[in-house]
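**Student:** If you read the protein sequences in the order shown, they are chains S and E.
Under our numbering, the letters of the first sequence match residues -15 to 218, in that order.
Under our numbering, the letters of the second sequence match residues -9 to 350, in that order.
Treat the hints with care, since some could be wrong.
As the list claims (entries may be wrong) - BS3-like mimics (lysine-lysine), calculated; alpha carbons at most 30 Å apart, straight line: (1) E:Lys206 x E:Lys75; (2) S:Lys38 x S:Lys62; (3) E:Lys249 x E:Lys110; (4) E:Lys110 x S:Lys38; (5) S:Lys62 x E:Lys206; (6) E:Lys110 x S:Lys(-6).
What the hints assert, rightly or not - Reference listing, derived: stretches of chain S covered by chain E, where coverage requires no fewer than 3 residues with Cβ under 8 Å from a Cβ of chain E: (7) 60 to 66; (8) 86 to 94; (9) 167 to 179.
To be clear, the hints were calculated from the coordinates, so they are not data collected in a lab.
Virtual Cβ for every residue (Gly too), placed ideally from N, Cα, C.
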Amino acid sequence: MTLLSIRNMKTDIGQYAVLHDISFDVPEGGVFVLLGRNGAGKTTTLRSIMGLWKPSPGSVLFKGEDITSHHTADIARKGIAYVPENMGIFGTLTVDENLILATTSGRFDPARLARIHALFPALEQFRDKQAWSLSGGQKQMLSVARAIIEPRALILIDEPTKGLAPSIVDAMAGAFREIAQTTTILLVEQNFTFARSLGRDMAVIDDGRVAHSGSMEDFAADTALQDRLLSLSA
Amino acid sequence: MTTQIATQNTGTYLIKGIVLIIAALLLFAPFLFQDVRSLEVAARICIFIVLVASFDLLIGYTGIVSFAHTMFFGFGAYGAAILLKEMGPGWTPVILGGLAGVAVSLVFAVAIGLLSLRVKAIFFAMITLAAASVVLVLASQLSQITGGEDGITYRGPDLFKTATKLVTDDDGKVVRLWGVRLNGKLAAYYFVFFTSLILFLAMLRFVGSPFGTVLKAIRENEARAEAIGYRVVAYRTAVFCLSAVVASLAGTVYAVWLKYTGPATTLSFAIMIDILLMVVIGGMGTMWGAVIGAVLMILAQYYLRDLMGVASEAVAAVPILPELLAPDRWLFWLGIIFILLVYFFPKGIAGTAMSGGAKQ
């Protein structure tokens, strides 16, 4: 069943046309990976889905409902969480305040908080610390934890491994596998090894267009295609 | 990092300790400083703490720059003043006038907020400046209602008359406590003190609530706040309204205390600049900073001239210095002190102390 459907999306930022024609479907469950070179339009695609940039023309259908013209806050309230590339945490707030901000009731569900602390023990250790004082990896953990503090239908995650130590990347992969058992993840990633280990379906964006889409298994097996679309051997 | 956080905690305790001492001094001010001027200064400090703290809700907690704060202060003051003048002394005109001031402030705040809080910060600031200018001109020109440039003089509730005896002895004379007459003036001061205290504690409670956390998130990054489900314009308008209501109530209290309301005491841009300086000196986004900023600025405004007179006499034998320290140059030295404070405490005194000088 399709959870998110992007149809002929075109997004301009100022006078520059960044996305020309983006169409793909994200099925419910598992991890869907968006791959592509730097500047291909992956982040713009996620921001357009969240309504932070308005696509015109084109449409974003979430659970069959057209959310293209919806306000960003309303899109978030519909159950789509966004973990931006720069982590998007609030540095002057404590770890717990960052988490509680993402709850609709202003209270923690103890079971979910316990699950988050089990996934990311550092967040329990530093729960009263201001977020700016965390390390880069801990900030990324907080950013992901905020996305799962309440049940979400879809989490958009933008390059979560960027600049992280290999051990943190491994921990993050484990966390994503667990999260994906209950929530659909749309992951933008340049680290192909990381993406391949998680993704079930995928699409490659090149120059603001979808250059390829299909299963990750098939794409991983086709090194010539990878080389052409991602320049992995370069 | 551990050292930095320890410094941060020490700074927080230090600032809270200083604020507690200030609160204690204000509580016992009529007994500690037994002259009219000191009581005037203490009452002004109480009211300006509320006014500056309510402005801090905007600029410090939400990142909104508004020049209309004295306009809301004026609405509250003029509401009480006009009704006290028309209806005579009593609590009814104070309550009705206060409520009218709050109602007018809310109407203006909602209109300005919804129309302009979605535009860029600079446009919002300009719109608030324009609104405040229009209200200032109107207050000066609608002299039949507002008293024009001369303002309105009136009597407050009878309880606050100096002749009112709060406690009398067997001979019917007013009782003195530690040398202070328990009369209406004392009651008026404690009305100002406790109203200001309640309003300040309410704001402190508000910024510690989940709503206050959302405001801090909006101040840090609007787009991030929206991406987790908060409508920034709605929150900004709500805090703009709250800040306007508190400023308006502070205006009503000030009107009751002064028994005079005019453009110079409530609506002038000189007061707006004072509020800005107090919040910058004290530290934005801390609430405690409002207390420190208001105390320092008002003490400087009232006593720097006297202090410089003493200093000038003390260095009379030294060339040039007496000229430099002449009491008439007090504004020049206030400016120098302000520049030094901004240089050494870029986040304000409370802001710098509470962050332990940390870069965020």
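**Student:** Hints first: check each against the structure and report whether it holds.
**Tutor:** For each hint, the structure was consulted:
1. As the CA atoms of lysine 206 of chain E and lysine 75 of chain E are separated by approximately 42 Å, the hinted pair breaks the 30 Å bound.
2. For the given pair, lysine 38 of chain S sits about 17 Å from lysine 62 of chain S by alpha-carbon distance, which is consistent with the 30 Å threshold.
3. A distance of roughly 40 Å separates the Cα atoms of lysine 249 of chain E and lysine 110 of chain E; the hinted pair therefore is violated under the 30 Å criterion.
4. At roughly 19 Å between alpha-carbon atoms, lysine 110 of chain E and lysine 38 of chain S fall within 30 Å of each other, so this suggested pair holds.
5. Restraint check for lysine 62 of chain S and lysine 206 of chain E: the C-alpha separation of about 23 Å stays at or below 30 Å, so the hint holds.
6. With a CA separation close to 26 Å, the supplied pair lysine 110 of chain E and lysine -6 of chain S stays within the 30 Å bound.
7. Counting residues of the segment 60 to 66 of chain S whose CB lies closer than 8 Å to any CB of chain E gives 4, which reaches the minimum of 3, so the coverage claim holds.
8. With 3 residues carrying a beta carbon less than 8 Å from a beta carbon of chain E, the segment 86 to 94 of chain S meets the three-residue requirement, and the given coverage holds.
9. Beta-carbon proximity to chain E at under 8 Å applies to 0 residues in the segment 167 to 179 of chain S; the threshold of 3 is not reached and the given coverage is violated.
Of the numbered hints given earlier, the model fails hints 1, 3 and 9; all others are met.
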